[in-house]
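Novice: Model the placement of chain L on the given structure of chain V, informed by the hints.
Residue numbers (the numbering used here), protein chains in the order written: chain V, 1 to 327; chain L, 1001 to 1542.
By construction, these hints were calculated from the structure, which means they are not laboratory data.
A few of these clues could be false.
Claimed, not checked - Straight-line Cα separation of at most 27 Å, DSS-like style, residue types lysine-lysine; simulated pairs:
1. V:230 / L:1200
2. V:132 / V:230
3. L:1382 / V:230
4. L:1331 / L:1301
5. L:1445 / L:1312
6. L:1382 / L:1443
Said to hold, decoys possible - Which bits of chain V does chain L cover? Going by a derived footprint, with three or more residues having C-beta under 8 Å, they are:
7. 227 to 234
8. 243 to 249
9. 316 to 323
Note that CB positions come from ideal geometry on N, CA and C, so glycine has one too.
Take a look at the letters that make up each chain.
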Amino acid sequence: MKNASIGSYILRRLLQTVPVILGVVIVNFLLLQLAPGDLATVIAGEAGGATPEYIAELRARFGQDQPLYVQLLNYMGNLLTFDLGYSFRQSAPVLDLLLDRLGPTLLLMGATLVVSLSLGIVLGLLAALWVKTWKDHLISVTAVLLYATPLFWVGLMLVLIFAVKLDWFPTSGMEDVVAFHEGWDRVWDIAHHMVLPTVTLSVFYLALYARLMRASMLEQRGLDYVTTAKAKGLTDAQITRRHVFRNALLPVVTMAGVQTGSLLGGSVVVEAVFAWPGLGQLAYQSLFARDYNLLLGIFFLSAILVVVVNLLVDILYVILDPRIRLG
Amino acid sequence: MSDPVLDIRDLHVALPAWSDRRHAVKGVSLQVNPREILCIVGESGSGKSIMGKSIMGLLPAPHVHADRGQILFEGRDLLTLGADQMRAIRGGRIAMIFQEPMTALNPLMPVGRQIDEVLEVHTELDGSARTARVRALIEDVHLPDPDRMMRSYPHQLSGGQRQRIVIAMALALEPALIIADEPTTALDVTTQAQILHLIKELQRKHGTSVLFITHDFGVVAEIADRVAVMRQGEVVEEGPADDVLVRPQHAYTQALVAAVPGLNPRGRPAEVAPPLLEIRNLVRTYRASGGLFSRGGREVKAVQSVSLSIPKGSSLALVGESGSGKTTMAKCVIGLERPDSGDILLDGQPMTGISRAQMRAFRRDVQMVFQDPFASLNPRQKVGEIIAMGPVIWGTPRPQAMAEARELLHLVGLQPEAADRYPHEFSGGQRQRIGIARALAVKPKLVVADEPVSALDVSVQKQVLELLDDLRRQFGLSMLFITHDLRVAATVCEEIAILQRGVIVEQGSTAEIFANPQHAYTRSLLDAVPGRDWISGLPAAE
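Just chain V, with the same shape it has in the complex (with noise of 0.2 Å):
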């Protein structure tokens, strides 16, 4: 009954997402019509100067001349039909420039969520185990300060110890591209490349996961049901890993969708300090470039990221609780 109704609630889902993806583009759109300065006066200002008609034959080129409604609406025409512009900074169309960098950024976020969450998990489990023992505080200290450290500080000293220092990993950069490495080789230079980029990233999620996966055992731990399950004559072992484990595990899936978000604004430091070339670094070029066509292009993509993720995540957590009805 619960197999046949999960298809149209996924369907019921993604329509819901239409308009959550229209306002963000529309929102968007305007804010960025705040920021100083355009494309053209950047362009302008890097040629070490124009003349006023320059820079208004400019405009009209790309379309910024006309009002600001007409340009919202040939936006989201063209959105309809997957065109999403043109960078007249990069010479290239916006979709196959994100479309360059969104593996990059997927690889980096899905190394990040597996590592993060996994070890997160693991590590709460432990101090709650543990708890009140010098082990669990040791998991808990740690993990207080890795959630308080702030994440650029965090690459830098990374890179600073483990590339510099050590030579162990590359400083920056997502491949050896001078190597021309193929096949298995390449994947083994990428996986090297990833692991600095990805530690500094899953730090911060990782305390976190692992804090709300301690506090969640506990919790548990206290439910009648695990006293109906002691009185049943299971052992500790058992009443962990068959009652307290899955039940604790809810809250933590819930926060991992709620920080997908965040993770891609994370990303963005990440990406600028170990230069990956992903789709948060090229939001920051963008933003300096004044390349809004590109800009908004990547908040398009994002904003849809997001919103998959977060599906997948309600996916997930019918499957995990069966109170969840899909109504």
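Specialist: Leaving out everything else, chain L in the frame of chain V:
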């Protein structure tokens, strides 16, 4: 006479150093004989639950532990057994039934699997043999459609059904002893009657001994072979149920028995006063909206066309089980909920279909006493402030309001100095008195009392009910008294309305309804009152 199944000798259970007393259980000696139901009765803090837990080895160690005495079971002292030996006994030889069926089961595991776990841990049976046994157990506790039931999750079952699952779990290995800790307290009366019947039936069928922990003498009268009365960690009286219930020896037992609300209905006042509150065709439906793109959410008809009236100075009990719509009614009357249709008139003035500003005038006339005395008082406010706040809002000068608050505290039987203390310094019964003083502070015409005594011990319950009665006479109050307990309704109210699934099925004077119930549901409610025969045999109070 054969050897006792369980022999508790001089048991002491120590509490942690920071608690208000040294021992929760002080020198208790008890025996549970084969095939008998021993009821342990006591109020909160008597140590009855702690004793049950210490038998199972479920005390929250290391802070709470048994520091003296023996618990002999099948020739061994349970207090000296190691963790593994104790685990083999738990669930295998001694099983436990808990108070809260809503939380006693793992919400993420099908109930069949949860019963199956007991077999898996304690027996060598293979999967199919276990499944067959689980099905047999579910049939044993009279649950319908065992195959579907096994695959159900706890949230798909009602409270009574869940408690049957817990009982099935306890019976799985035919234990020698079952400890039932208030197993029916959280259930509706009719469900309670069914579960008590089931426990008794299964106990006879399997020849199990039962240690039944309860606070309710009515339940004791239903089920007990022998009774032990506990107070502050000690057994004050012990004996066959008939003796203890009918001829209690110890003064404490006598007081407890006297505090049990009787089934003696109140008389109706001679002259009939004009109505203060009138409710006409009240309807309230809850709709669960299905979100942006779905049409037609689920509908719950909480109250369906209810009409009733309360004369001035009179009191009406709205009796119903959970989900009957009684709390929704209360919320409509005090204006926290807006009815979908129908009229509520107070003193002839309509309270429905008016603006928020107009509604404000009624706030003062209708006050509420809440069910949970622990959650209904602001913990950061002093008692005096809590009581004086209403009058101050309505324009009474602060010093005068505080003086009145002290008077009210005196009136509800507390020291006027209580005004300078915080709610957490008071017991449940005292807090309920504060709640009543708060409601009276603005001099209302109508008090809506939503289960005001159901969270209290029997002896405290009796005092609070008497207080409400006194105050009603003194202030000439009318009262809408909401309860699930017919015994309480009979003691307090002249009139009763029986509510079932949002519809009033019977309404009339308390005496008439008790003498001659017309509706089948009223009869089943009356039959379900625990210890009914025993209570009617008690000498009438007053």
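Novice: Tell me, in ascending order, the numbers of any earlier hints that this structure violates.
Specialist: 3
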